[in-house]
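S.K.: Listed here are the chains, written in short residue letters.
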Amino acid sequence: MSQYASLLIALPLISAFFVPIIKRISRDAIMPYLSLITLIQTGVAAWAFKEVYTTGKPIIIMAGGFKPPVGINLYIGHFAALFILIVALASFIMAVFSRKAISIEPKDKYAMLFLLLMLGATGMIATGDIFNLFVFMEITSISAYALTGYNKTGEASEASMKYIILGGIGSSFFLIGVALLYGSLGTLNLAQIAQLAGNMNATVAQAALALIIFGLAVEAEIFPLNAWAPDAYQGAPHPITAMFSAFVVKAALYAMARILYITSSASSWSNVLRLLIVLGTLTVIVGEMSALRQKNVKRMLAYSSIAQVGLIAVGFALGTQAGVNASVFHMFNHAIVKALLFLAAGYVAVELGGTELEKFEGLGRKMPLTAFSITVGAVSIIGIPLFNVFWSKLRLILAALSANYAWIAALVLGASVVEAVYYIRLIHLMWFKGEGEKMEENFVLGGIMVLLVAAIIIIGVYPGPVWNIVQKAGSDLFNVANYVKNVPLLGVSP
Amino acid sequence: MISLYYFGAISLILIGMYAVLVKRNLLKMLVGLSIMETGVNLLLISIGYVSNRTAPILSEGATPQNTVDPIPQALVLTAIVIGVATTALALTVVINLYSKYKTLDVEEIRRLRG
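These protein sequences, in sequence, are chains A and B. For the first sequence, the working numbering puts the final residue at 494, and the numbers step up evenly by one. For the second sequence, the working numbering puts the final residue at 608, and the numbers step up evenly by one.
The shape of chain A in the complex, shown without the other chains:
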């Protein structure tokens, strides 16, 4: 029964290759087809989520029936089940939005790349093999490069080029790290790496982990390698921007955290944590400072997204259960909020023809519902109580204090202050400046925005149930012994 979960990988892949046939039948059927497939994917993901959380056991899928480490396995544990659901849900929302936002041909190519992007992120989260992770990362990034340049304007092409070059360097780094791990441990299976990591030479482990972190930092938008992100966010089609922020980044962050924690028995592990803490802190500072100066709302949201990613990375780098839980919670909240913000900003761009700050003047009069959604999203990400991000920022501060990193608490609070400055500027612009006639707002998109706003407020008022789920997901990441025990390794003992 649980083998049906392999549909999570198989369905988007096979549907992507059916797109040309659909196009032959009718060009107008492509976008509804895309929505349908993502809806089915959401259903399968919801089923896997229910299955994992009711039985409390992860779903393990062994490709071809070979036991790991001989065969490649998928591991859908508490964390993966939650985030695959988020990936599928965000894709579904963006597929619906694409019907309105994408007017440039070739739509069939767009639909294929869209499905492959979803497939790549799902695979990165579900896989239990480090090379398989690399392959899924490349699927994600190659479709992301192509989608970034989809609009074919000069800016989009330049952003795509930047992304390709940084992504190429990153994937090479990642592969060198994998080569070092394989050379010293002789395995590629994550569970077996976790078993054997204690025997690793300290220097090799440190170099391999640092290279892997730098490799994933491109996708995860960690500081020195995130120069592509603002350009790509600005140049990419609006739904794709939201997908980047909602789950492509999250998948890479998850991969980083997973690889980091499975090697936690290596003797030089704490050095790697310190590296990640420094990188994360720099990411927060650079992201927030750059966001302050932006004149384009999409670019501003991109920098804000980078800053949040920095906070998540810092939480993972604390090396405690509380830190991991806080980071997972922040990932969850950030996915909802940024999906909402990019959806609303993209919708404004579709209706008013751009995302420069001036376009947002008087939005409260022109499109009250959209303006209201942006306001809720902005207020939430600043970290005002009774909205969801408040709780994850609070957890992050508590985790930092209990791990004796008082300055991280200061970092989180400082970041919130800077966020308040530029988000309140935007809110002020929308409600108290400019004039305009009220416009008709799309019913479906309005409904989705209302649902996301409701999710933000409900989680903000009753964080308990989500926090329980997140705690389970966090311990799935942190508790490596459990991870190893759950994977039926073939005849190897440490």
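Worth flagging that the hints you see were computed from the coordinates, not collected in a lab. Careful, some of the hints might be misleading.
Stated by the list, open to error - Under the rule of at most 25 Å between Cα atoms (straight-line distance), these lysine-lysine pairs were calculated in the BS3-like manner:
| no. | chain 1 | residue 1 | chain 2 | residue 2 |
| --- | --- | --- | --- | --- |
| 1 | A | 107 | B | 517 |
| 2 | A | 152 | A | 107 |
| 3 | B | 594 | A | 152 |
| 4 | A | 57 | A | 107 |
As the list claims (entries may be wrong) - What follows is a list of derived Cβ distance ranges for each label pair:
| no. | chain 1 | residue 1 | chain 2 | residue 2 | range |
| --- | --- | --- | --- | --- | --- |
| 5 | B | 572 | A | 293 | 38 to 48 Å |
| 6 | B | 602 | A | 433 | 36 to 46 Å |
| 7 | A | 293 | B | 602 | 21 to 31 Å |
| 8 | A | 438 | B | 572 | 48 to 58 Å |
The C-beta atom is built at its ideal place from N, Cα and C for all residues, glycine as well.
Got chain A; can you put chain B on it based on the hints?
M.R.: Leaving out everything else, chain B in the frame of chain A:
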């Protein structure tokens, strides 16, 4: 002997990285990227290499005792395919950029964009 391969692989990676970071022509940067990928592939292959052994292909006289480690070779095959896809995509983007800006110089493109 085996350290020679490592040395070669690392130098290829560094040469590629130099080209990516220093060159201003987009095509040269892409060539650098390819050189870097080749270096990584060579590194992977040499990690699985055992001296005086044959290729891991099921044929006359090839037993598990006298072949090299097959896994890195499978990895490199995959990595080569991925590299080809990336290069092809990058070249289409370069064509697009050239038709928009009539130049391949990175600095020029940045200046034209303003």
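S.K.: Checked against the structure, which of the hints given earlier come out wrong?
M.R.: Of the numbered hints, 1 and 4 do not hold.
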